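J.: Following the hints, put chain R in place on chain A, whose structure we already have.
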Amino acid sequence: MIEAAAQLAVNAIALGAIYALVALGFVLVIGAVGAVNFGHGELVMLGGMVAVGAATLLPADTALPGLVVLPAVLAVMAVAGLVVAAVAYAPLRRAPPTSVFIATIAVGLIVQHGVTAGIGPEPRRGPPLVDGGVVDIAGIGLSHQQLATIAAAAALILAVHVLLQRTRFGRRLRAAAQDPEMARAIGIPVPITIAVSFALAAALAGAAGLLLSNQYLVTPTDGGMLMLKAYIATVIGGWGRIWGAALGAFAIAVFETLVAAAASYLVAEALLYVGVLAVLAFRPRGLFGEAAGRRA
Amino acid sequence: MRRLLPILLTTAALTATPVAANATEPVAVSVLVPITGFLALEGTAQRNGAVLALDNPPPGVTVSYQVADTATSPEVAVTALQRALDRENPVAIAAPIFGTQMLAMAPIADRAGVPLITVSGTAKLTELGHKVVYRFFPTDAVVKVAQARYAVQELGASKPAILYQTTAYGQSGREHLVRTLKELGVEPVLQEAIDPGIRDLVPALERARAAGADSLLLQLHSGPTALAVRQAHGLGIGLPIVAGSAMHQPTTAALVEPVELKGVCAETASSPVSDTDGEMAAFAEAYRKRFGTEPDAFALGQYDGMRMVLAAVADGARTPAAVGDWLAGHRYRGLAMTYVSDGTGNMAHDAVIVCYDGVGRVPAVVKRYDAVDGVK
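In order, the protein sequence lines correspond to chains A and R.
If you use my numbering, the first sequence corresponds to residues 11 to 306, in order.
If you use my numbering, the second sequence corresponds to residues 35 to 410, in order.
Same shape as in the complex, but just chain A (with noise of 0.2 angstroms):
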C-alpha cells in the first residue's frame, strides 16, 4: 500500500516536471510577444521524435542513451525555435496577436503532418536516459527512470530560472517582454531577444519530448494534448508567469496520477476542470497573478 502510494507521488513528481518543462516553454514565448505559441505542443511531439531518431544514429550498447541525445535534441529543437519564430511571428510582428496564433496553429499542423508523412503515424519509444533498474529508498523500489526524469527536468528548470534571473540576457528579456518600446529605445535588440526566446522555448520543449518519449511513448498526433495541458496550467498558475505555470503543471499531474488513483480518471478530470473554472472565477489573473500585458 505504502509502496504504490510512493510509487504515484513519484509518478506524479517526474510528469508534472515534464509538463512543468512543457508549460516553461509556452510561458517563455507569452512573455515575449504576448501571444500564445499554438504549435508548441507539435514542437514537444517534434523532439521526441528527433530523439527517437538520434538514438538511431548511436551504438546499441551505449549507455545513458537518452542522456547522450539531450544535447542535440536541445540544438535541433532551438533551431526549430528561431524558424517558428521566422515562419509565424516576424512576419506578423505588428499584427494583432490573432495573427500569430492563427500561424502558429499552421506551423503546428504542418509539424504534425510533416512527421505522420516522413516517419509515419505510429507511437514510438524514445531512448531512455539510464538504465531499467530500480533502486530500494526505505523499503520502496523507485525506478531509476523515473528518478533520471525528475532529476534532468529540475536541472533544466534551474537552469532556465538562473538564466532569466541571474543573467544579463535574462534582464533583457524580461525588459523586452515588459516594455519593448523602451526596452529598444534603451538599445536592447528586442527582435534578436524575441527569436531567442523562441528558441529556447523550442529547446525546452525537445527535452520535455525526449523525457516523455521513452516513459509515455510519443505519437505524431501528441501536440493537442500537450497544448492543452500548457494551456491549463498556464491559466491556473497566471498569464506569462513561469513559476505560476510550473505550479499549474504539477496541479495537472497530481490529478491525473494520486487523484486518479484515489477515485478515477473521470473523476480527478472532473475536479481539475472544477478547480480550472474556480480559479477563472476567484483568480482571474491566475494564482500568481498576470505577467503578460495582453492575452490571446
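Treat the hints as calculated values from the structure; they're not laboratory data.
Values in this document were obtained by computation on a predicted structure and should not be read as measured data.
Heads up, the beta-carbon is just placed ideally off N, CA and C, and yes, glycines get one too.
Each hint should be verified, as a subset may be incorrect.
Claimed, not checked - Chain A stretches covered by chain R per the calculated footprint, using a threshold of three residues with CB under 8 angstroms from any CB of chain R:
#, segment
1, 17-31
2, 96-105
3, 130-144
4, 266-275
T.: Coordinates of chain R only, in the frame set by chain A:
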C-alpha cells in the same frame, strides 16, 4: 482550417497513378481513408491493404485508383467522397475506418449506389438500413465476445477489471465486454474509463489491484495499450491480460519489450505476421516489400475486401450496383476468413485470440472463434 488543411496538404502527395494491367476496359476504385490525424495508423494500414490488392488485380481485370486522405472530420470525408463520385466514377470505394466519417458518407454513397468497403467497427453503420456498406472486419459483437470468452473460459477469469478508452471505440467495446461477461456469469470488479490524453496508467492498474481483479481486459488504443502492458509488468501485477485488437498490431508490440509481453493475449480478426508459410505469409512478405512495414488485421481486412470487389469485377460486375449485388450475394474465401453478408453488410464473423510467449514480438494464434454471431 485544422480540418481542411490535412486534405489540402496530402491529397496531392498521396494521389496514386492509375494502374494499367491489361487491355480490358478499366474499372475505377477510390481509396478514401484517414492518413493523417489520430487514426492515421489504422488508416495507413487500410490504404496499404487496399493498394496492395488493387495493384495486383486478377487476370482480365484492369483497375485505376486514386487515394485521398479523409483526415479526421466528417466534412473532409464527405468532400473527398463527392469529389470521387464526380470525377472518378468508381465501382466501389475503400472507405474510412472512422465510424463518424462513415456515418456521414453512407447516405451519400447510398444515393449514388456505390459500395463502401470498410473495416470500421462502428455498430450503427450496418444497423441504419444502408444498402452500400460492406464491413470486412468483425464488429465488437464478434471480437469482444471472443475476448470475454477467452478470458473466462480459457483463463478462468472470474473477477476481471476492464480498462477502456473514453472514445466511441472504447465505450462500444466495454459495452459488449460487460454484456458477454454477464452472459457468462461474471461481473467485472472494475470498469475504468481512460481519456486518450492520459499518460500514466499506473493509477488504473493500482485500482484494479485494489479491487481484487484476477485479470485485465483492455479496450485501449495502440499507445495506451502498450503503456498498460509495460506499466503492469513494471508494477509486477502479474495478472493475465487479454487486450483489444490494438495489441495485435506489430507497431504496438514494437513499443514493448518481449519479456513484458509474456502472458499477454489479444483479440483480433487475424494476425498476418503469425503465419510462416502459405498464402498469409506470402501476403505479409509482399506487404513488407511494398511498404517497408508489418501488416496488421486492418490491412488484411481491407485487402480481402478489395480482393472481393475485384473478384466481383472479374465475374462480370462492371457497375457499382452489380458489384454491390455480387458482394451481398456471394461467399468469398479471403486470407483472414471466409466472408459472407449477414444481410446488413457485415461480412466478417470470425475472430482469433493471439498470445505472446515472452520471447519475441510475433504472437501465436491460440484460439479461433468461428461464426461468433451465428452467421455461417
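J.: Each of the hints needs a verdict: does it hold here or not?
T.: Tested hints:
1. 17-31: Since three or more residues must qualify, the claim that chain R covers the segment 17-31 of chain A holds, with 4 doing so at under 8 angstroms.
2. 96-105: This one is violated; 0 residues, fewer than the three required, reach chain R with a Cβ under 8 angstroms.
3. 130-144: Satisfied; 6 residues make the cut.
4. 266-275: It holds, with 7 qualifying residues against the three required.
Against the hints set out earlier in the document, a violation occurs for number 2 only.
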